[in-house]
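Novice: Sequence:
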Amino acid sequence: MLERARHGPHPTVAIVHPAPEAALERYSLSEGLHGITHSQPVRRAVLARLAADPRARLTLAVAADRIVGWAAVAPSFGRWRALPAVREIGLEVAREWRAGTRLARALLGTALADPRTEEEVLLAFALPSSWDLTYKRVHPAVYRRMIAMGLRRYGFVPLATDDPEVCSVPEAALFLRAGARVSAAVLDAVLAARLRTAVRPSQRIHLPVTAA
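Counting from 1, one number per residue, gives the positions in the sequence shown under this note's numbering.
Everything labelled a hint here was simulated from the structure, so no lab data went into it. Keep in mind that the hints are not guaranteed to be accurate.
Stated by the list, open to error - In silico SDA-like pairs for lysine to any residue, Cα to Cα no more than 25 Å straight-line: (1) K136 with M146; (2) K136 with P170; (3) K136 with R55; (4) K136 with R43; (5) K136 with E31; (6) K136 with E21; (7) K136 with Q40.
As the structure is a prediction and not an experimental result, all values here were calculated from the model.
Let the hints inform the model, and build the full structure from the sequences given.
Specialist: Here's what the structure looks like:
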């Protein structure tokens, strides 16, 4: 799917879903993207792996042959990996495209419009380590509320958990969205997994969720 729209004074943006792996070779990456890592080669490799993974879906915002935002749905890990239908969702918009563009809404709306999301439980990890707080100039607690408000619009609710990736940082949070066709048994399994004896945080990186 390819949708085009103009966002304020910015060039026309194409929303590409699902984005093929070749898109990461064709388009450059905005320097304003850094939620995954500050390394451009590593960032490109991560997005390329998401595009190539048949279990994942990547949505790109492209302007003037440059990727200026992305959303992804992919398998999670740790306690969540073995649960059926559970996926992790991430979102990022480049710095220069955040103010007044509603690009985050366009990306998230497109990703969640995919019919497969109605058969999935989506987890959104809001972790301060991936937030651009220096640029936004707000307290982490304020930024977390901004993320919560944005996710609530799409049916996400807060989920209490002892997952060390979340509970080890005061401002971190976990949000859940259950698709319309998710069975009660699947949802019960997710809710049962949210509280366990804490283990050491993993060294893997969750998909970042950032506010516009």
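Novice: Is the hinted pair K136 and R55 satisfied, with a Cα-Cα distance of at most 25 Å?
Specialist: Between K136 and R55 the Cα gap is close to 33 Å, so the pair fails against 25 Å, i.e. violated.
Novice: Would you mind confirming whether the straight-line C-alpha gap from K136 to P170 stays at or under 25 Å?
Specialist: At roughly 19 Å apart (the allowed maximum being 25 Å), P170 and K136 satisfy the hint.
Novice: Mind checking the alpha carbons of K136 and R43 for me, to see if they're no more than 25 Å apart?
Specialist: 21 Å, holds
Novice: Are the Cα positions of K136 and E31 separated by 25 Å at most?
Specialist: Answer holds: K136 to E31 is near 16 Å, not above 25 Å.
Novice: Please work out if K136 and M146 have their alpha carbons no farther apart than 25 Å.
Specialist: 11 Å, holds
Novice: Would the hint linking K136 and Q40 be met if the CA-CA limit is 25 Å?
Specialist: 21 Å, holds
Novice: Compare the distance between the alpha carbons of K136 and E21 with 25 Å, and conclude whether the hinted pair is satisfied.
Specialist: 31 Å, violated
Figure legend: structure checked against the earlier numbered hints; hints not met, in rising order: 3 and 6.
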